[in-house]
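There are 2 protein chains.
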Amino acid sequence: MSKTAFSRAEYAKRLSDVKARMEKAGFDLIICQDPANMCWLSGFDGWSFYVPQCVLVHLEEETPIWFGRAQDAKSAHLTTYLPARNIIPFSEKLIQHAVGHPYDELAELVRARGWAQARIGVEMDAHYYTARCHAHLTQGLPDAQFRNNGDLVNWARLVKSDAEIALMREAGRICTHAINRAVEKMKPGVPQYHVIADIYHAQTMGVDGIGGDYAAICPLMPVGEGTSTPHLTWTDEPLPKSGLVMLEIAGARRRYHAPLTRTMHLGKPPQKIADLAKVVVEGVDAGLATARTGKKAAEVEAAWQAVLRRHGLKKESRVGYSIGLAYPPDWGERTVSLRPGDETELKAGMCFHIQSGMWLEDYGVAISESFVVTDKGGERLCDAARELIVID
Amino acid sequence: MSKTAFSRAEYAKRLSDVKARMEKAGFDLIICQDPANMCWLSGFDGWSFYVPQCVLVHLEEETPIWFGRAQDAKSAHLTTYLPARNIIPFSEKLIQHAVGHPYDELAELVRARGWAQARIGVEMDAHYYTARCHAHLTQGLPDAQFRNNGDLVNWARLVKSDAEIALMREAGRICTHAINRAVEKMKPGVPQYHVIADIYHAQTMGVDGIGGDYAAICPLMPVGEGTSTPHLTWTDEPLPKSGLVMLEIAGARRRYHAPLTRTMHLGKPPQKIADLAKVVVEGVDAGLATARTGKKAAEVEAAWQAVLRRHGLKKESRVGYSIGLAYPPDWGERTVSLRPGDETELKAGMCFHIQSGMWLEDYGVAISESFVVTDKGGERLCDAARELIVID
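Protein chains in written order, with the working numbering: chain A, 87 to 478; chain B, 87 to 478.
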């Protein structure tokens, strides 16, 4: 009763692309602990990434291998297309053990398959691939050659298929709905958590029978001076009579994410804030117009930065990043950044979040867009008001 | 305008306890990347743990040091009690950089403070302390002595203060409310995501003006055969006319978590499931009665396992773990497990989730409790129906 989100043909195509990248990079085997890579390769889906688990791809093995906790092996049987012989549980006693580690048994598995001397690519910077995971794995395979695989699978995920784009568009619709619901709910005096409760409800209810999945980041909603920094969450406090609120949320559909940021002002906004919002939207427009097939990632940033410069402003941090399939703690793909020096050539089907956040000394404004690259420019996935949203 | 959840005196007490543990273990400096440890030590709170960041504690430094992304440094100013000189941003260009890494600058900071030869304890198995974090940090500090600090701060968090227990109790009330709301909503034919939308709403709205925080794990709701594995999430499918639903959620209050699992049966349950549910509740009762000051963690498991044995059953996986302050991806503290061999002596104020999940071949039953250790036994933090909940 496996219920993968994509056809067997699509998984086969992904695997063959990944194997080609492995050959080129000189890997016999890659070990993927990033939950998004695990899901993209095998269909595996479940909130079990807080324990060591991974998907292995070997050049000579027909399908990937899932390795994880015994109680989660059944999830692998239910959510992946993998044959039973490639779903391998580790011993429960190794969970959070002071001396032993699940990757002692992962090393055993690799040896048992005859790959003890393989050239192995690991995801050195995947969120859950801890220093201890790496230490136990390398100690257990002293004859293997280990190298960072440089997020090889993340890079393979960069250009989305039509089926993936369809999910990204659904995620965009869900996000738009949730943003609109939040704006309706915001009034002076309404406790912040009341707004968030409605956002969660809208993110999950989705639109037209298309339900929402959990987002890789919780709703972020800095208020007042908090808008000068992007990652604060809500409190019990009521919204003020007057002042800024910044909201960053995503719609998620079968783990595909379309994030969006909007900035609200309770009461009449000061001129400098209204002006800044206009510059931000103008900058995003310039970025979207530039984000077409054949352009470089850095050129999108340059178009945005040129607008800022014209208005005497500057943004130090990157103005965006690649998005798609994601699990907590991040909805970025950790590959392309829209920033100086990133020479990645844009292709149709790549998706980005142009995060135009300006976090200044005491306040901030962000009005972002998720978009898919087309030959005409960046096509927006969401459809929320593109302005400083004033709430009276 | 720092708004820490606890008094300065409480943070001072924590720090002094941690320093005593450091001296005993032979560390001059510890580097904590676990977001819960960061928050517990400094008050820092924000969803920025998807990039490298940490809190440092040095024996001779009066307060901890926060190290993180420039745009999040303002969050540290707003949410911690730390002096400005101990809030240190790294260069934005190092975010997701192929060659450089934020911990190159962390190593610089450690050298600049004169600690290049320190005995440094790192959290080798903290979720976000990646293999690459460790590689850059150790390369940048070739004269330091690195060792795993063995979750030193996690262990310091084990016995909760009165102020922490108060938050755990509020979390328990929020969890009870959300479980009850879910049960009200479940009916045959109701799409799974509709139930989840109401759960999120209830988790966030909380009770009596006490708002809920985001939980470290999303609502888990396996249905039908899915109940044979614990970590599946919802789909668009309607609930069946007849069959099992398992729900695991937490209430979260200022990042303190009280999780709970309940099992529902739509329609009349088969006798074997009703019987199993009774055994599970009886086993949990035995565990709670045993979980009093002076007992060992393993004895709680043994009491539970004795009940199972009497009914011809067995559970391989641990029956519980320590809970408290938590961030995604897990609400466990990664210290004490209720399992054979864990000789930790229980003390009043420790909190656990006794996770009595029985995940069998084709179905499962779980009826768990979060509790605080007292000298009379485990005192439950939630108050939901303790039975197989039958929905007609």
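There may be inaccurate statements among the hints.
Said to hold, decoys possible - Chain B stretches covered by chain A per the calculated footprint, using a threshold of three residues with CB under 8 Å from any CB of chain A:
id, stretch
1, 306-312
2, 345-352
What the hints assert, rightly or not - When the alpha-carbon atoms are kept at most 25 Å apart in a straight line, the in silico DSS-like pairs for lysine-lysine are as follows:
id, chain 1, residue 1, chain 2, residue 2
3, B, Lys179, A, Lys401
4, A, Lys89, B, Lys382
5, A, Lys273, B, Lys89
6, B, Lys271, A, Lys179
7, B, Lys273, A, Lys179
8, A, Lys382, B, Lys179
9, B, Lys179, A, Lys400
10, A, Lys179, B, Lys382
11, A, Lys271, B, Lys382
12, B, Lys273, A, Lys381
13, B, Lys179, A, Lys327
14, A, Lys179, B, Lys89
What the hints assert, rightly or not - Now the stretches of chain B that chain A is said to cover, found in silico as 3 or more residues with beta-carbon under 8 Å:
id, stretch
15, 192-201
16, 360-373
The hints are simulated quantities; they were obtained by calculation from the structure and are not laboratory data. Quick caveat: nothing in here was measured; it's all calculated off a predicted structure. Don't be surprised by glycine CBs; every beta carbon is placed ideally from N, CA and C.
Open item on the list: Closer than 8 Å Cβ to Cβ for three or more residues is the test here. Does the stretch 192-201 of chain B pass it with chain A?
Closed with: The restraint on the stretch 192-201 of chain B is violated, since only 0 of its residues have a Cβ under 8 Å from chain A and three are required.
Task: Hinted pair Lys179/B and Lys400/A, Cα distance within 25 Å - done: holds, 15 Å
Task: 25 Å Cα cutoff - pair Lys179/A, Lys89/B - done: violated, 41 Å
Task: Hinted pair Lys271/A and Lys382/B, Cα distance within 25 Å - done: violated, 50 Å
TODO: Please work out if Lys382/A and Lys179/B have their alpha carbons no farther apart than 25 Å.
DONE: holds, 18 Å
- [ ] With a cut-off of 25 Å on the C-alpha distance, tell me whether Lys273/B and Lys179/A pass.
- [x] Roughly 38 Å between the alpha carbons, so the hint for Lys273/B and Lys179/A is violated.
TODO: Quickly compare the C-alpha distance for Lys179/B and Lys401/A to 25 Å and report which way the hint goes.
DONE: Holds, at roughly 12 Å.
Open item on the list: Please verify whether Lys89/A and Lys382/B have alpha carbons no more than 25 Å apart.
Closed with: Distance of about 43 Å is beyond 25 Å: violated.
Open item on the list: Given the hinted pair Lys179/A and Lys382/B, is their Cα-Cα distance within 25 Å?
Closed with: holds, 18 Å
Open item on the list: Three residues or more, CB to CB closer than 8 Å: is that satisfied between the stretch 306-312 of chain B and chain A?
Closed with: holds (count 3)
- [ ] Tell me if chain A covers the stretch 345-352 of chain B under the three-residue, 8 Å CB rule, please?
- [x] Since 0 is below three, the answer is violated.
Open item on the list: With the threshold set at 25 Å, check whether the alpha-carbon distance from Lys273/A to Lys89/B stays at or below it.
Closed with: Status holds; Cα separation ~23 Å.
The structure is inconsistent with the numbered hints 2, 4, 6, 7, 11, 12, 13, 14, 15, 16, although it conforms to all the rest.
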